[in-house]
Amino acid sequence: MSDEDQTGPQPAFVLVRPQMGENIGAAARAMLNFGLERMRVVGPRDGWPNPKAVAMASGAGRVLDAAVVYDDLPAALADCDYVYATTARSRELAKPVRTPERAMAEARAMRAEGKRVAVLFGPERAGLENEDVSRANAIITVPVNPEFASLNLAQSVLLTAYEYGRQTIDAAPEVMSLAKTDFATQVEVEALADHFERRLDEVGFFFPETKAAGMKLVLRNAWTRLSLTRADVQMFHGMLRQIFRKLGD
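Under the numbering used here, the first residue of the sequence shown is numbered 1, with each subsequent residue one higher.
By construction, these hints were calculated from the structure, which means they are not laboratory data. There's no promise every hint is true.
Said to hold, decoys possible - In silico DSS-like cross-links for lysine-lysine, where the CA-CA straight-line distance does not exceed 30 Å: (1) Lys95 / Lys180; (2) Lys246 / Lys216; (3) Lys216 / Lys95; (4) Lys211 / Lys95.
What you are looking at is a predicted structure, and each value in this text was computed from that prediction instead of being measured.
Based on the provided sequences and hints, a complete structural model is requested.
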């Protein structure tokens, strides 16, 4: 049974490479405080299941029991339509930035329209890496003291879950417009990114080689920043196929 089948219309909270079982357990407690149970765990450092997570969950064990574990982030996000990344650091990757309040208003509206939404939380020591953030459509940043901006994993989960739980008023028109959009899923966006990357590799676009990895990351970030619809993805695939067909490839 998937996490979607188990708990109904909720966003998935995705813990990316969490390091300490205690923090996973505390995150589970924070989620259940506000009725959220869809936890996904990517590459936990100390393996899974984790006895320390169970001990710390203290009454929220059912969140851990239903948690789905993935080896990598693309697999964890494959079925998602819209993804938020939580980070307190400024990024060279351009993304729409949301407060937790605005982001969770959008998330609740999207969930009401049947969209699959995920929120990424990074590992305790350094947070999400740029490659992780590049897979998100938007960033959630908490307006904290800039001289002490660090939040631990459970605190970040608690703040976000609280904002989701308290969103009970009707959504603003612009939020509903976003919610009704027929987004491409992450796996569809990944396929488009792979298609473009493969073709651009063939024509030598990623040059010099020393800069290729950074160029590819920026390109992948651009695809998610655009919040593509399924129609957009089909159009871009078609454009690329037609160009190479005309070129005789």
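Against the structure, the hints:
no.: 1; hint: Lys95 / Lys180; result: 21 Å, holds
no.: 2; hint: Lys246 / Lys216; result: 25 Å, holds
no.: 3; hint: Lys216 / Lys95; result: 16 Å, holds
no.: 4; hint: Lys211 / Lys95; result: 21 Å, holds
Consistency note: the structure conflicts with none of the earlier hints.
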